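So the sequence shown is residues 1 to 526, counted in full-length UniProt numbering.
Hints were generated in silico from the structure; no laboratory data involved.
Being a predicted model, the structure only gives us computed values, none of them experimental.
Keep in mind that a hint or two might mislead.
[To be verified] Restricting the straight-line Cα-Cα distance to at most 25 Å, the calculated cross-link-like pairs of lysine-lysine (BS3-like) are: (1) LYS426 - LYS451; (2) LYS245 - LYS225; (3) LYS246 - LYS363; (4) LYS363 - LYS306; (5) LYS306 - LYS426; (6) LYS283 - LYS143; (7) LYS437 - LYS426; (8) LYS336 - LYS363; (9) LYS225 - LYS143; (10) LYS319 - LYS306.
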Amino acid sequence: MRQYCAIRVCIHATHERLHPNGVSTFGTKGTRFNLERSTMTEFWKEHSRQATVEEMMLDSHAQELTQHELPEILSLLPSLSGQRVLELGAGIGRYTSHLLTQASHVTAVDFMESFVEKNRQDNSHYSNASFLQADVTKLDFPKNSFDIIFSNWLLMYLSDEELTSLTERMLGWLSPGGYLFFRESCNYQSGDFKRTFNPTHYRSSAHYSHLMTTTLREESEGAEKQVFGFDIVLNKTVQTYIKMKKNQNQVCWLLEKVGRDTACQEGFRTFQQFLDNQQYTRKGILRYEKMFGAGYVSTGGLSTTKEFVDLLNLNPGMKVLDVGCGIGGGNFYMAKAFGVEVLGLDLSANMVDIAIERAMEEKLPSVHFEVADATKREFPEASFDVVYSRDTILHIDDKLALFKRFHSWLKPGGQVLISDYCCGEKPWTPQFQEYVKQRGYVLYTPPQYGKFLQQAGFSNVRAEDRTAQFTEVIQTELERAAAMKDEFIKEFSEEDYLAIVNGWSDKLKRCKTGDQRWGLFHATRN
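Sequences are here, hints too, so could you generate the full structure?
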């Protein structure tokens with residue numbers, strides 16, 4: 001992951017709210033930072049006189065953007081019913097009124113008095129609202145005060161120290177199982193208002209993800225102590241800005257406060273960190289792609305994708321959810337060949353980063369990607385025509401619970417199609433046991449896999465052992481690897497080449513002993 005970016009105050013054109021919270025008062029630099037805070041306070045006194053949405057967003061198209069963006073953002077939130085919500089950087093209440101209609105209580109906080117007064121004026125008729133003028137860097141609440149924290153364009157106006165401190169405090173303010181939703185401008189600005197002073201920190205999305213998932217907080221309940229952290233439920237770009245401005249820099253997150261096992265797999269605090277730092281490093285992904293073909297990191301690449309997708313009889317306008325989308329090759333193929341809309345989910349941020357890069361090159365507006373945990377991501381019932389997944393669910397423990405989610409997300413008559421690593425009957429060889437443990441896989445035999453689909457409510461379940469095809473494909477890939485050996489080593493290294501070739505050879509051995517199997521599963525929702 002990238003290191004924390006240095007604190008910077010830039011003089012150049014700006015866009016969104018230049019929030020006064022963007023100045024630190026730490027250490028010996030306090031005098032300079034206090035002067036900067038004073039300067040920005042005066043700036044906002046000048047630019048908040050009308051308390052309009054254009055002033056807040058510093059964008060002449062604010063009204064039109066809000067019309068499309070607001071429902072998109074709200075659709076990503078968990079259920080607000082009966083929840084205690086803290087809205088940070090609430091501004092004039094662009095989101096406050098919508099939160100108030102569902103939540104049990106909303107505490108709306110902003111730094112600027114004119115914004116708070118405008119919000120109060122428009123929304124104080126709600127009996128479940130509180131309005132607070134406060135500096136978020138000095139804000140505090142008792143432990144477990146809120147179920148959801150909502151923030152839109154705030155964190156980029158904090159220094160690194162202030163952001164770290166706020167993240168720790170937000171963990172404390174949330175109840176266990178509570179959610180943090182935030183949205184920021186990453187990498188560069190997007191608004192069209194010209195300003196000569198811009199304190200904004202346009203951090204990378206990876207920076208925010210790393211900070212949020214590595215921050216820990218120990219809490220005591222009587223004599224018991226437990227460590228909490230944030231797990232990413234989703235991380236995605238705001239589609240409104242892509243469609244209206246061809247702008248990929250608007251990024252949002254939904255995170256859940258969960259108990260953290262400090263003795264996590266391979267020393268990583270979360271499974272996502274394990275994937276991105278060990279199994280699916282960027283280099284590792286690209287070297288697999290070199291072998292499997294452009295856009296693919298799963299068995300058979302384009303050839304098996306074409307074969308399996310043909311089973312679905314896709315038609316233009318259908319909506320497909322790809323769980324474990326990798327770097328998007330299958331998504332682009334389905335969109336181009338059949339005119340379907342595809343949403344690709346992957347828990348690996350490295351995978352999704354590459355997929356988004358490719359999406360920008362492909363210029364396919366019907367294909368979207370997000371970092372998301374399929375076991376926690378929520379979609380309305382009957383959202384998709386197809387749920388598609390290739391060699392991914394091996395990572396997930398409770399497959400029955402996941403398949404029940406798939407069933408609810410599918411429209412009546414919708415289809416699920418999955419290929420996945422499976423296993424033979426136990427007992428396994430010690431070598432295979434060690435392999436499964438090291439990878440963190442949860443494997444079942446193809447018939448057991450099929451039974452989970454039936455128990456989840458699916459009908460017409462086909463559970464096929466495709467191990468013979470798996471070994472044939474691997475053998476073909478080994479031959480292709482030998483043919484491109486020099487080219488591969490030149491682009492990567494001999495060590496990388498041997499890692500892949502030896503890994504494939506080991507798969508063949510595990511299949512020969514009967515330990516490792518490969519399954520193809522197809523079913524429908526009535």
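- request: Would you list, in rising numerical order, the hints stated earlier that this structure does not obey?
  value: Numbers 2, 5 and 6 - these are the hints that the structure violates, sorted from lowest upward.
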